[in-house]
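Chemist: Residues per chain are reported as follows:
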Amino acid sequence: MSAAPDHKPTFARLSLGDQLGRATPYLLIPALIVLGYFAIGAPTSWLTLTVSGLAMGMMIFIMASGLTLVFGLMDIINFGHGAFISLGAFMGISVLFWLSGWATAASLPLNIAAVLLAILAAMLLTGVVAWGFERVIVRPVYGSHLKQILITVGALIVLEELIHVIWGGQEIFLNRPPTLQGAVTFAGAALEKYRILAVVVGLAIFVALRLVLRRTKIGLIVRAGVQNDEMVEALGYRLKLVFIGVFIAGSALAGLGGVMWALYEQVITAGMGENMMILIFIVVIIGGLGSVEGAFIGALLVGLLQNYVAFLEPKIALVSNIGLMTAILLWRPQGMMPVVKGH
Amino acid sequence: MPDPILRLTDVATDIAQYHILKGVGFEVPRGQVTMILGRNGVGKTTTMRTIMGLWRNKAGRIDFDGTDLSPLSAAERCRAGIGYVPEDMGIFTDLTVAENMTLAALSGPPDAARLDWLFTVFPPLKTFWSSSAGNLSGGQKQMLSIARAMVEERRLYLIDEPTKGLAPAIVSTMVGALRELKRQGASILLVEQNFAVARALGDRALVMDDGRVTWSGAMSELSTDTGLQERLMGLSLEAT
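Residue numbers (the working numbering), protein chains in the order written: chain V, 5 to 347; chain X, -4 to 235.
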């Protein structure tokens, strides 16, 4: 055989159209905001609704990010994810009641400290429960979606009943800490302080997740594992440990989202997480299974659309997100930013 | 045979209800290229995946440099010193070329001198270092797959059909790269359907049929004995 000739690469650079195609999901957010501006007409109402939509979207993203990673990496359909939202909310609100001196003081540092401790406790509890949940509930049903659906729905019911046993069957009402109540006025629009905080927290979680996934070796392993878990194993990484870590982290994020949502709604019930699951699944599906970026964009679209439509035509607000999902799946059947599976 | 790095003894592997490997036994000498030949469906890829631990053998023993691999996971077998290039290349298309290579370097960032060497063997990898691996051509993906297995020195390389579906010019590049790896003293177990490539690289050959090794010996013996080729594989290397 002759010596190897010079090899001329045949790599084709992406055309402008292709590059724009990749960025399109990101462009949908400003496009929807602009569309909302013209549809609503009144700038102050539009601004209030936009901030409200972004806040709602960020909180849904926090809850959905864990689920999409778990599905992408572990191929697990976890309907029990909703229970971690409820569990996080109940734990967090319990801590806020225990720290009522801090939570009701008219001091921003004390209020923030109380909320941070509540979030920490919620994430800790949901993380620990998730560890047991993975070992007892999920591990026996790897590879079987039907069994996963059945057993995780069962586990969701059991965990909700456990919440009833521990915290009682009644819904619990709560007030936000004083410095997180009320609104600030900007450009004539009233913007709720808590919604601004939710936007900041959601953005921080998104940036942190992106940094971990893009800049660290563990992030690299997770991203590769989402695509081809077998090959990651063959490259020397024990993916089972990564699976457990991602499941715990994803569930802890659900716990964090539960606390944020509880303070947003100012009422908690054992079924609150279950009720959120429809929106969360819509976000995960339209984002593309396994894609954190897709879930982020999907959550913001869902939050914004729901708020705009509820203002313009309340009767169709409930179906607006189903319409959004249908439209996106007609455009991109695998979701906006699908992760290509290796096998 | 002196000092084999890998020895399979009566290895049997089932996939679902199918008995794919039915008692495979062979040795891979240290520092040599051993070819696995045979028609489609005779168990070549299953043999590679079983050695790597991606499918578990239900019987038999796999010894790697004196260690029984059977209880070890795929990850542990890699860390024991086995590099693997699967038939489908196993490229992470959502990652960049750099990220694919970084992932394969277990002991830290890839060694700069070794990367330079790999870039001389596979120049496109340097050109497209920061590009998404999903945008590479088929040949470039195969280069990346082999380079990824070579980013750190391994004691044994399992390479499954590296020239499958590639243009002749790229096949030549692959052969050059594998020759270079061989020159450095690597032990290689290579599945190959292209007999010209097998003849160019192989020191020893195994012929498989129906989940068993039906012949093993020197590649030179097989490549010069057309009668043996026809008897074992139903075709002649002279025709290729």
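A couple of the hints might just be wrong.
As the list claims (entries may be wrong) - Calculated cross-link-like contacts (lysine to aspartate or glutamate; reagent style EDC-like; alpha-carbon spacing at most 20 Å):
#, chain 1, residue 1, chain 2, residue 2
1, V, Lys221, X, Asp205
2, X, Lys53, X, Glu147
3, X, Lys159, X, Glu82
4, X, Lys53, X, Asp9
5, V, Lys221, X, Asp106
6, X, Lys177, X, Glu71
7, V, Lys221, X, Glu82
8, X, Lys177, X, Asp205
9, V, Lys221, X, Glu71
10, X, Lys121, X, Asp205
11, V, Lys244, X, Asp205
12, V, Lys197, V, Glu269
13, V, Lys221, V, Glu269
In case anyone wonders, no lab produced these hints; they're calculated from the structure.
Chemist: Each hint needs a verdict: does it hold in this structure or not?
Modeler: Do the hints match the structure? See the list:
| no. | hint | result |
| --- | --- | --- |
| 1 | Lys221(V) / Asp205(X) | violated (42 Å) |
| 2 | Lys53(X) / Glu147(X) | violated (31 Å) |
| 3 | Lys159(X) / Glu82(X) | holds (8 Å) |
| 4 | Lys53(X) / Asp9(X) | holds (7 Å) |
| 5 | Lys221(V) / Asp106(X) | holds (16 Å) |
| 6 | Lys177(X) / Glu71(X) | violated (24 Å) |
| 7 | Lys221(V) / Glu82(X) | violated (26 Å) |
| 8 | Lys177(X) / Asp205(X) | violated (30 Å) |
| 9 | Lys221(V) / Glu71(X) | holds (18 Å) |
| 10 | Lys121(X) / Asp205(X) | violated (42 Å) |
| 11 | Lys244(V) / Asp205(X) | violated (34 Å) |
| 12 | Lys197(V) / Glu269(V) | holds (14 Å) |
| 13 | Lys221(V) / Glu269(V) | violated (38 Å) |
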